[in-house]
Amino acid sequence: MRLRSVWRVARWEAYDSGAGLDRRALTLAAVSVVALALLVPLAASVGPAPGDGLYRVGIAADSPYLAPAEAAPAFTVVAPDARAFAAGRLDLLVRGDRVQVQDTRLGRAAAGALQDAVRRYDERQLRSEPDQAAAFPVTVQLHYVSRPVDRLGGGAGSQPGGSTTGTAGGPTTSPASAGGPASRSTAAGGGAGTAAAGGTTASASRPPATATGGGTRSGENAGGLTVFGWSLFPQGAAGTPSAITPPFPFASLVLAFAFVVPMNFVVQAYASSVLHDRGNRRGEPLLVAPVSTWSLVVGKALPYFVLMLAIAAATAVGLGAGPLAVYAVAPVALVFLAGGFLAGLLARSHKELTFVLVAVSVVVTTFVFVPAIFVDVHPIAAISPLTLVVEDLQGTPVGPATVAFSTLPAFVAAAVCFGLGGGLYREEDLFAQKPLPAKALDALAAFVTRPARAGWASLLSIPFVFLAELLAVALLFVVPLGVALPLLFAAIAAIEELAKSLPAYAGFARGRFDRSRRTVALVGLASGVGFFAGEKLAATAQLVGLFDLHLGRIAFQLGAGVGGAYPPAVLAALLVAPLFLHVGTATLTAAGASRDRRWYLAALSVAILVHVGYNLAVVATLG
Amino acid sequence: MIVADGLRKVYGDVVAVAGASFRVEPGEIFGLIGPNGAGKTTTLKLLAGLVEPTAGSATVAGLDAADREMRRRLGYLPEESPLYEEMTARSYLRFFASLYDVDRETADERIERTLDRLDLAVRDRPLGNCSKGMRRKVAIARSLVNDPEVLVYDEPASGLDPITTNAIIEVIRELAADRTVVFSAHNLYHVEALCDRIAIVVNGELVTQGPLDAIRAEHGGVSYRVDTSRPVDGSTPVEPGRHRTVVASMADVEDVRAAVEAAAGELLDVRSHEPSLEEIFLAVAGA
Chain X
3 MRLRSVWRVA RWEAYDSGAG LDRRALTLAA VSVVALALLV PLAASVGPAP
53 GDGLYRVGIA ADSPYLAPAE AAPAFTVVAP DARAFAAGRL DLLVRGDRVQ
103 VQDTRLGRAA AGALQDAVRR YDERQLRSEP DQAAAFPVTV QLHYVSRPVD
153 RLGGGAGSQP GGSTTGTAGG PTTSPASAGG PASRSTAAGG GAGTAAAGGT
203 TASASRPPAT ATGGGTRSGE NAGGLTVFGW SLFPQGAAGT PSAITPPFPF
253 ASLVLAFAFV VPMNFVVQAY ASSVLHDRGN RRGEPLLVAP VSTWSLVVGK
303 ALPYFVLMLA IAAATAVGLG AGPLAVYAVA PVALVFLAGG FLAGLLARSH
353 KELTFVLVAV SVVVTTFVFV PAIFVDVHPI AAISPLTLVV EDLQGTPVGP
403 ATVAFSTLPA FVAAAVCFGL GGGLYREEDL FAQKPLPAKA LDALAAFVTR
453 PARAGWASLL SIPFVFLAEL LAVALLFVVP LGVALPLLFA AIAAIEELAK
503 SLPAYAGFAR GRFDRSRRTV ALVGLASGVG FFAGEKLAAT AQLVGLFDLH
553 LGRIAFQLGA GVGGAYPPAV LAALLVAPLF LHVGTATLTA AGASRDRRWY
603 LAALSVAILV HVGYNLAVVA TLG
Chain B
18 MIVADGLRKV YGDVVAVAGA SFRVEPGEIF GLIGPNGAGK TTTLKLLAGL
68 VEPTAGSATV AGLDAADREM RRRLGYLPEE SPLYEEMTAR SYLRFFASLY
118 DVDRETADER IERTLDRLDL AVRDRPLGNC SKGMRRKVAI ARSLVNDPEV
168 LVYDEPASGL DPITTNAIIE VIRELAADRT VVFSAHNLYH VEALCDRIAI
218 VVNGELVTQG PLDAIRAEHG GVSYRVDTSR PVDGSTPVEP GRHRTVVASM
268 ADVEDVRAAV EAAAGELLDV RSHEPSLEEI FLAVAGA
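If you're matching them up, the sequences are chains X and B in order.
What the first sequence shows, in the working numbering, is residues 3 to 625, in sequence order.
What the second sequence shows, in the working numbering, is residues 18 to 304, in sequence order.
These are calculated hints, taken from the structure and not from any lab test.
Don't take each hint at face value.
On the chain B side, residues computed to face chain X include the following (Cβ under 8 Å) [what the hints assert, rightly or not]:
no.	residue
1	R89
2	F112
3	S115
4	R127
5	I186
Under the rule of at most 20 Å between Cα atoms (straight-line distance), these lysine to aspartate or glutamate pairs were calculated in the EDC-like manner [claimed, not checked]:
no.	chain 1	residue 1	chain 2	residue 2
6	X	K441	B	D30
7	X	K441	X	D598
8	B	K149	B	D133
9	X	K441	X	D431
10	B	K149	B	E172
11	X	K436	B	D30
12	B	K149	B	D178
13	B	K149	B	E103
14	X	K441	B	D178
Here a beta-carbon is modelled for each residue, glycine too, at the ideal position from N, C-alpha and C.
Required output: the full structure, derived from the provided sequences and hints.
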């Protein structure tokens with residue numbers, strides 16, 4: 003692969019080809035996407051306002067409720083009109099401190115909204131008091147400490163995620179009353195309370211959160227998210243203890259969409275370009291040019307990768323993030339592009355391409371998004387590169403091991419996907435109309451030209467196995483342990499047996515291997531050994547504390563066979579047992595694959611059952 | 018020069034090319050003809066290094082067909098004209114020139130000269146808005162952008178009007194003066210007119226190859242049609258009072274004369290007949 007060739011292909015792709023778009027359209031598309039990346043955080047800071055003017059309320063000018071209602075966007079305030087109220091044109095009628103509520107769902111909702119508005123109004127009033135000690139006589143300090151947790155949900159043996167210790171000291175809040183707004187104590191709005199909690203973490207090494215008064219402007223929010231001077235999530239808030247809620251990473255939700263959504267558009271353009279080359283054999287002359295396949299593949303992908311990084315950088319700048327955030331998004335971009343590359347190679351039409359890309363997008367977004375929900379709560383969040391973005395935004399120091407853990411699997415997975423696609427980037431596969439499963443097998447078969455390659459294929463499947471198992475752990479994280487464990491055993495077994503057996507099946511199905519017993523044994527041995535060798539990489543999970551998670555410990559020690567204080571003989575057996583398991587089941591599935599598909603599926607089913615049995619035995623041994 | 022040695026290509030259960038061996042000398046035009054699906058295109062793709070052979074080898078311009086450097090010396094024209102519709106002829110050809118490491122100045126000069134020779138005036142219109150003939154000319158120009166030693170063309174004039182076809186044939190004739198050319202075609206008139214040597218491909222096999230005269234001689238050579246007034250052994254009725262016998266030599270003509278005169282008839286007409294390439298093709302491909 004020559005850089006000069008890569009550059010030429012990339013330049014042509016960016017300016018002259020661009021999936022069929024001319025320069026003007028490309029420029030317009032690029033500007034639109036970058037603008038979207040800049041505007042999303044701004045829109046998030048302004049917030050959605052779907053409920054503006056939802057409730058019509060008649061309030062007298064001398065009513066104490068007038069000011070709170072006028073300050074709340076949800077209300078349309080008009081003069082009180084008893085006839086209008088009787089006719090149903092008003093949801094609330096307020097005269098003095100008397101509130102009449104329309105007997106409708108909207109009316110009852112309006113009453114609740116008025117209560118919230120009064121509460122918020124009172125809170126603002128109290129915050130503007132010069133004497134804050136008088137306004138908030140009681141302060142509560144939240145200290146999150148780390149402790150072993152299995153899940154956030156309930157269930158036998160479970161613990162809540164983090165605990166709070168309040169310290170009473172200083173002035174107390176004024177008691178709640180049923181009177182007018184001026185005398186009501188305020189509870190922290192959900193957003194403010196959440197944000198305060200969101201600024202804390204579940205680790206004892208991190209600074210404690212304090213639930214004290216604070217403004218909403220960025221200058222006062224160290225570590226808070228600011229967008230163009232507006233704070234998304236104020237760090238300090240005042241309120242009653244009932245308003246304290248566990249940290250909910252709303253920031254992660256917004257970030258996930260802000261970073262990931264533009265990638266869906268870019269990958270669509272890239273995959274379309276790949277498919278475009280296959281249409282009418284347009285790319286055929288490229289295959290005859292003195293340019294390596296990898297120059298073509300990298301050159302075509304490069305402009306889209308650069309665009310994705312540019313958008314991510316613009317988004318990061320808007321959110322006040324640093325280079326770590328952009329680096330963290332890079333593997334996600336590559337995984338998207340790799341998925342788009344394979345989609346473009348495998349799809350037979352643009353309609354099929356759309357479906358395949360939707361599947362790719364859902365999988366990648368789920369992988370990025372689900373673990374990041376637990377940022378600042380649990381180390382399981384380290385699975386997602388997006389967690390690094392959040393932590394960068396919060397100014398939380400991140401160790402190189404965590405960065406590596408969060409990003410390396412995705413980098414490797416992207417490289418493997420591009421490698422598989424590169425195997426299909428030849429005349430015989432680019433322009434052939436085959437079903438998707440057939441092409442997927444072709445991609446594998448292009449690599450497994452001899453039995454030893456089956457071992458390499460198994461080893462290279464480890465990132466995908468790793469990611470799939472991490473995802474299974476993340477998805478089962480909140481399920482009670484009694485249900486989660488069997489499901490996890492079955493999922494792990496299925497994932498691993500599929501990863502080990504598919505290259506062998508592809509080799510036999512495409513005639514790469516002869517069907518002798520000797521070859522079956524060699525393929526099984528290579529596949530099992532390769533998988534065993536790659537599986538040892540799972541020990542890196544320990545670096546980020548996933549072994550603290552009971553479920554994670556089970557998931558990875560089943561294969562790694564390390565950890566725990568056990569007799570040497572047990573340890574040795576646990577270390578070697580996976581090898582026998584993998585070689586045995588891989589040979590079994592290879593034997594099935596050497597016959598036909600039905601035999602392969604039957605052998606695979608048996609292998610999965612054997613694997614599940616092994617998992618149960620290991621867990622029983624480990625206790 | 019091109020040397021194909023036992024080239025074989027199998028797709029699954031289908032044998033596309035079954036051991037093709039031939040040699041094309043520098044400055045020679047070699048034609049591949051055969052029925053649809055015979056393996057002509059696959060053979061050309063093997064020469065161009067576009068597909069890997071299942072067995073055998075091919076050497077093009079002194080290098081193995083699988084060698085990427087060989088492609089610098091090769092000009093390949095596929096059966097269709099796959100172009101990027103959003104690009105203009107100039108930008109398209111410049112892009113490919115850059116892939117062949119042709120510097121910009123040389124590329125522009127070569128592109129203009131080639132398009133002039135191909136009589137293509139429309140050079141800055143998106144290729145998607147060009148006619149089939151224009152697109153074919155651009156594809157030919159692309160195959161020449163690197164000034165190759167060897168040209169491998171798959172049905173260069175397929176589906177084009179007679180004027181464009183003739184123009185392309187003339188260009189190929191000129192190019193062949195100092196290049197090695199291999200091409201396939203269905204128009205046997207062009208093959209007869211252009212090629213120094215021909216190979217007939219049937220069901221993946223080269224059933225015959227060589228100069229046209231040699232192929233004619235191999236498959237019957239000159240024949241004689243003898244019309245008689247009365248039937249003789251081996252004759253077929255043409256019309257009332259006329260019967261035709263086809264024989265291979267003048268001696269056989271004399272035998273027919275003797276036979277018809279013995280039957281109280283007479284020799285009406287004798288004509289010699291040289292089989293056309295089409296007749297040979299039909300005879301070989303049909304067999």
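We went through each hint and held it up to the structure:
1. With its C-beta approaching chain X no nearer than about 5 Å, R89 of chain B sits inside the 8 Å limit, and its interface hint holds.
2. Annotation: interface hint on F112 of chain B holds; nearest CB of chain X at approximately 5 Å, less than 8 Å.
3. Proximity of S115 of chain B to chain X holds as hinted, the smallest CB-CB distance being about 5 Å (cut-off 8 Å).
4. A cut of 8 Å between beta carbons decides the hint on R127 of chain B: the least distance to chain X is about 16 Å, and the hint is violated.
5. With its C-beta approaching chain X no nearer than about 22 Å, I186 of chain B sits outside the 8 Å limit, and its interface hint is violated.
6. Our distance criterion of 20 Å between C-alpha atoms is met by K441 of chain X and D30 of chain B, whose separation comes to about 17 Å.
7. Our distance criterion of 20 Å between C-alpha atoms is met by K441 of chain X and D598 of chain X, whose separation comes to about 18 Å.
8. Restraint check for K149 of chain B and D133 of chain B: satisfied, since their Cα atoms lie roughly 18 Å apart, inside the 20 Å limit.
9. Distance restraint check for K441 of chain X and D431 of chain X: the Cα-Cα separation of roughly 7 Å lies within the 20 Å cut-off, and the hinted pair is therefore satisfied.
10. The suggested pairing of K149 of chain B with E172 of chain B holds, with an alpha-carbon distance near 14 Å, which does not exceed 20 Å.
11. For the suggested pair K436 of chain X and D30 of chain B, the alpha carbons sit about 16 Å apart, so the restraint of at most 20 Å is met.
12. Only pairs whose Cα atoms come within 20 Å are accepted, and K149 of chain B paired with D178 of chain B is accepted, the gap being roughly 10 Å.
13. This hinted pair checks out: K149 of chain B and E103 of chain B have alpha carbons roughly 15 Å apart, not beyond 20 Å.
14. Our distance criterion of 20 Å between C-alpha atoms is broken by K441 of chain X and D178 of chain B, whose separation comes to about 39 Å.
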